[in-house]
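**Q** If you want the building blocks of each chain, they are given just below.
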Amino acid sequence: MEWGHVVMIIVGLVFITLAIVKDYEPLLLVPIGFGILMGNIPFVENIGLQLGIYESGSVLNYLYMGVTKGIYPPLIFLGIGAMTDFSALLSNPKLMLLGAAAQVGIFLTFMAALALGFSVDEAAAIGIIGGADGPTAIFISSKLAPHLIGSIAIAAYSYMALVPVIQPPIIKLLCSKKERLIKMKPPRAVSKVEKIVFPIFGMVLTTFISPGALPLLGMLFFGNLLKESGVTKRLADTASKQMIDSVTILLGVTVGASTQATTFLTPDSIMIFVLGAVSFMIATAGGLLFAKFMNLFLKDGNKLNPMIGAAGVSAVPDSARVVHSLGQEYDSSNYLLMHAMAPNVAGVIGSAVAAGILLSFLLGA
Amino acid sequence: MEWGHVVMIIVGLVFITLAIVKDYEPLLLVPIGFGILMGNIPFVENIGLQLGIYESGSVLNYLYMGVTKGIYPPLIFLGIGAMTDFSALLSNPKLMLLGAAAQVGIFLTFMAALALGFSVDEAAAIGIIGGADGPTAIFISSKLAPHLIGSIAIAAYSYMALVPVIQPPIIKLLCSKKERLIKMKPPRAVSKVEKIVFPIFGMVLTTFISPGALPLLGMLFFGNLLKESGVTKRLADTASKQMIDSVTILLGVTVGASTQATTFLTPDSIMIFVLGAVSFMIATAGGLLFAKFMNLFLKDGNKLNPMIGAAGVSAVPDSARVVHSLGQEYDSSNYLLMHAMAPNVAGVIGSAVAAGILLSFLLGA
Amino acid sequence: MEWGHVVMIIVGLVFITLAIVKDYEPLLLVPIGFGILMGNIPFVENIGLQLGIYESGSVLNYLYMGVTKGIYPPLIFLGIGAMTDFSALLSNPKLMLLGAAAQVGIFLTFMAALALGFSVDEAAAIGIIGGADGPTAIFISSKLAPHLIGSIAIAAYSYMALVPVIQPPIIKLLCSKKERLIKMKPPRAVSKVEKIVFPIFGMVLTTFISPGALPLLGMLFFGNLLKESGVTKRLADTASKQMIDSVTILLGVTVGASTQATTFLTPDSIMIFVLGAVSFMIATAGGLLFAKFMNLFLKDGNKLNPMIGAAGVSAVPDSARVVHSLGQEYDSSNYLLMHAMAPNVAGVIGSAVAAGILLSFLLGA
Amino acid sequence: MFESLVQNSIVKFLIAGTSQASERSGIDFNLSAAFTEQSISITIVGYFVVFVALLILFGSIAAFTTIMINKQKKNMDASGKQKGSAKREDIEMTGDVNAAIALALHMHFDEAHDFESTVLTIEKVQRRYSPWSSKIYSMRRFPRQY
Amino acid sequence: MFESLVQNSIVKFLIAGTSQASERSGIDFNLSAAFTEQSISITIVGYFVVFVALLILFGSIAAFTTIMINKQKKNMDASGKQKGSAKREDIEMTGDVNAAIALALHMHFDEAHDFESTVLTIEKVQRRYSPWSSKIYSMRRFPRQY
Amino acid sequence: MFESLVQNSIVKFLIAGTSQASERSGIDFNLSAAFTEQSISITIVGYFVVFVALLILFGSIAAFTTIMINKQKKNMDASGKQKGSAKREDIEMTGDVNAAIALALHMHFDEAHDFESTVLTIEKVQRRYSPWSSKIYSMRRFPRQY
Ligand code: NA
Ligand code: NA
Ligand code: NA
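So the protein lines, in turn, are chains S, A, Z, C, V and E.
Just so it is clear: in the first sequence, position 81 is 81 by this note's numbering, and no numbers are missing.
Remember, this note's numbering sits 365 above the position in the second sequence when you count from 1.
Remember, this note's numbering sits 730 above the position in the third sequence when you count from 1.
Remember, this note's numbering sits 1095 above the position in the fourth sequence when you count from 1.
Remember, this note's numbering sits 1241 above the position in the fifth sequence when you count from 1.
Remember, this note's numbering sits 1387 above the position in the sixth sequence when you count from 1.
Simulated from the structure, these hints should not be mistaken for lab results.
Heads up, some of the hints might be wrong.
Listed below are several chain E residues computed to face chain Z (Cβ distance under 7 Å; list not exhaustive) [claimed, not checked]:
no., residue
1, Ala1420
2, Ala1421
3, Ser1426
4, Ile1429
5, Phe1435
6, Phe1438
7, Leu1441
8, Phe1445
9, Asn1457
We put the CB at the ideal spot given by N, CA and C, even for glycine.
One chain only, chain S, in its complex shape (with noise of 0.2 Å):
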């Protein structure tokens, strides 16, 4: 089908143009684009080789079994452990509130994608693109959804890299001027014991409560330990480079490909992508209302400055840095960076945790 692979070919300049010219999230924008690019090579299909993504035997098709067995999403997170600093998180630690509340997007875009038709696991899967964390959406398709891995990693990523476009005006709609001017604390110092203890603790805790997070959360979880127990330096910097590296190389590629305009272009995949943006603004709106409610019972001094409730949909760390560009604006000696990183490491954790339970309900026995 000629006219789908142009299309589709036109997407994928988009996303590396998005990525170098805007400089959108270009470490998953570029491969995902090229991706993209050679998963839509006209006439490709035609052929009879070994060469379409989803021909077994195919390179492609063997780079592609890390997505479809859902073995890169844990390393990815391992890597992304081996680099978070929770210190923001836990300086403050009720900002971790913030990352539960953004994911109500998660579960109200599930149902609305039960209103679109789509079944249970299906929307579940859906669900996730709310969560806004790539590695979790591709992770839970793979088991749930696994024709719909391609369409929700592109919407989720496509979503992640548009965060500076996309959250802003609903900050501005929910924020009184009053609100967004608030100055917080610097947040306090935190001890290395405390930044032992976390990862360890905070496994077994959040795995405990929903075991299906586990591969996710475990290895999040190992590689902060790597790197905070001071003693695995050079686990941490090889889990945190060239594993997460050579990782986001394939997935990117493979799940760019698997965008092949023949099984890509359907209703489903605009429907996904509608449902996509929907979740992102329920989850960006969802943090915010939240910190206000907070604020509630804040006594003056302590009042969060509810901007930073938007950072809990995660999307780290681009959107700590959109509410601190915000906050920017409107005072430019008020610097929110750091305490957006708590509720934006904290969704994370949420999204993770939310993903479990969901694959614990329609997985489970």
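Take the given structure of chain S and dock chains A, Z, C, V and E with the ligands to it, following the hints.
**A** Same frame as chain S, but now just chains A, Z, C, V and E with the ligands:
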């Protein structure tokens, strides 16, 4: 067969010695040479343990799958792309034709192999040795003639290592002293935009014409985009260092080990070696003669130094270096290296395109 | 089984604590310890999701294949080879015999295991714990007693970590004060040629005698050649950094996770631990007594400080360090580290050879 | 309960949003399918559990932290020397924080530039140059730079 | 056509070459097997397509390049400032080229040497920080340090 | 034979050790199972082969070394110049040894610290050395160098 193992062990030692003493392609010859030793430890097969590379369940066998399934070569091309600078080619694109001309070695060797009684598929795989591109040769053999992977790979890499020995006499034979002294204008500056557009456009165009080359050229240009985009530096670094190094180690040692005397020492292997040598010479001559042919149409001052045509065989960057040093021999103020790099990298593209065509002919519907 | 999981989680926490607080082999104990936690999150198995390391299709299960198929250990040996400097051994090769002597621990533990009712294959795998070499132990278990991989690996690594606790008393028990004060001549200079020839010749010889050791010793000496050749530096770097780090991470966490209380807490595991401790002590004694024996034939001035015999158990470089610091205790001007490194690395070769022989006996025709 | 409140309020928002969407893609939007018993329980229970998980995590961190801090205080009262060191740490830390903020702004404006300028000091950069990593970490790396 | 010309000329060369080879390996060389319809079409078409592919690539690069350059020119005429900057780039570039050539020669002669000379700086870090590696090695590396 | 001597002596030690163990874990220890023909042959032959392997390796290294050294000597007698250089090497080496020991102690105390201090030096080198990369690329990187 005692003597066979001894012969092969000597071959392995020769490879290692050439690499260390003569510095011929050490990154390839040391792993291959040591692999040959590992593959020819006597009695190994008779033990009945899971040791031999052809015994399923053995470690070598698992690692060898990267070769037999054709997974390693595209990953190496990814790294090569992330290392290669196409500026020389972009600043003087007509040199691209030299990279095409040199591929004559592939097709004539193909026919010669037929004449020597090889099947069409075998002949095509053998012909690719003339492409002077190890990964391409291995990729094609794995698809068309898996039983010849060892001999073809060894032949290809041997001759690539022997470029400094094979090419100079041919170049001297076919170039007049006057031609050898031709100086070329220093290449013009190449803009960042050109460098970014090239891998994208190049991939779409070449794989559109020769879809069979997608796994190789797709990855080559993908790697190059990672390098040139300017926003994916960390991915390009990993692809051009740790990823390609790991794959080189595993590919080298397993290809080496695949030369078990029991399966390797056959008349076919010897014929393949002879054909390889011939095809290398033809390729060199082809590129060089075509440079002279182009000079017929170029006005003075723009004339090419025909020696750079010899670099069209690829074998990057050795054949370019050979040309450069020959140039120096005759006129120490003549710097051909950068001019020779252009046909050199074009040769990589050329042989991959040729490989794709052969696959389409022989595997295609 | 609640209590079992709790017990194992405590074990995991102890591992992590030892690594961080005592700095005992942190690169091994942190991943294994965290893996134990991940493998023992209660209720995981009861969920029916693809989570447990023994549920096919789970991520942990895929990553665990590197262990069960015996792929990780040779890759670790590759990295070890690329890191190890054999000069100490080359400058005083007779110390090689200490590395042989210490392997007595393997064979006596083998018999003891038989006496305790283990099958021959199980007994052989258990005996290797006395080799004080994690990768070797895992490799053999994966071939001879897959169901014991977890316990054997945990035992081997525990005792390797506890070398500073286990060895000193034995050394003090078996060495007279006079012997402990013996000083040894500083090792002679070793030429580059010797260092290059050693891995080549060493591989051919040892695997010729014990072909079963090919996967381990082949890779060990291959890595060392990459290091010493001087022309394959980038490969040696990758093998000794990112490759071994990645494998260490995956091996550690999966071996740890394989200790699910449900399959791990058995009388066998306890017996294996006891046997492991014993075999470690025997190995230490064996090396040490043989050093005293060698002294009978060495004239004064060439006499060995028998303490270095204890380093023959391998556990590189910890046991060498232990010997060194003991030496310092008695005479702060006595620097044994470099002398102890010789039997230390010889011990690695020795236990790999022993492993190969056991495989030949038990798997061979 | 708060969640459910938010839910209902947002459900309307959502329906509005998606029903427009559905018009665009010409698909009809059937609420009954959304509000099955299973879906509702998944939504309520799921969202609730997410909150509980992070609440407990919050609680335990808070608890652990206060214990740590009290301990620190005790030590500080006990020995002046440790007190000194502890103080030094705190100062350094907040020093970092300021550096961090300064850097944050700096980076926000010419990240690219100062990325190029430091090819040799790659280690530094890589930390910073990642879509996931907390900036704080990388910031910690150059208090001196500002 | 040129290709076919070259082909025929070289075919003889080839046959000569391989027939010698065949004598060596005592195998007879049968041309009829080489010149089947399939093989000839593969050879002609294949070699032709390779040329076409690289020709088109050449053409389009050339076209694109000229467009770029004209654009540049326009900009340069338009504003002196950009012109200046553009000039600077060109100069810098050819500067690089010379540097490149200088370096090329340099590297060609003592690559090994200047490679070696930097080895020590690296080893420092990696070697030491490993649970298995002989400490001696890393020690060798800092005589100066003491 | 020596090995068997050691073995027997240690067997007792072993049995003592494990029989205690067995009491602890309440399992009975049955020697007859240990001393089957197979097990004994495996033990004797296995341990013997390990010795043989390392003995031969020792022997051949020793031989090779002496050859090397004699050769060196010859060269040294031949030309004073080489002799000098050779001497220098030896001295340097033992110098290293001392440095090594000094460092050993040093490292034993603040490994982490001086690990950090050298992180930056790494990347520098890696760039330059690659068999495929167009040298131009690497050249671009050091215009200043010339
Ligand atoms: Na999230
Ligand atoms: Na080529
Ligand atoms: Na050992």
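**Q** Each of the hints needs a verdict: does it hold here or not?
**A** Outcome of the hint check:
Taking 7 Å as the C-beta cut-off, the interface hint given for E:Ala1420 holds, the closest approach to chain Z being about 5 Å. With its C-beta approaching chain Z no nearer than about 4 Å, E:Ala1421 sits inside the 7 Å limit, and its interface hint holds. Against a cut-off of 7 Å between C-beta atoms, the interface hint on E:Ser1426 holds, since the closest Cβ of chain Z lies about 5 Å away. The beta carbon of E:Ile1429 comes within 5 Å of a beta carbon in chain Z, closer than 7 Å, and the hint placing it at the interface holds.
The closest approach between the C-beta of E:Phe1435 and any C-beta of chain Z is roughly 9 Å, which is over the 7 Å cut-off, so the hint fails. A least Cβ separation of about 5 Å between E:Phe1438 and chain Z falls short of the 7 Å threshold, and the interface hint therefore holds. For the restraint placing E:Leu1441 at the interface with chain Z, the shortest Cβ-Cβ distance is roughly 4 Å, inside the 7 Å limit, so the hint holds. Below 7 Å, beta-carbon pairs count as interface contacts, and E:Phe1445 has one with chain Z at about 4 Å; its hint therefore holds.
The interface hint given for E:Asn1457 is broken, as the beta carbon of that residue sits about 13 Å from the closest beta carbon of chain Z, more than 7 Å.
Comparing the model with each earlier hint shows violations of hints 5, 9; every other hint is respected.
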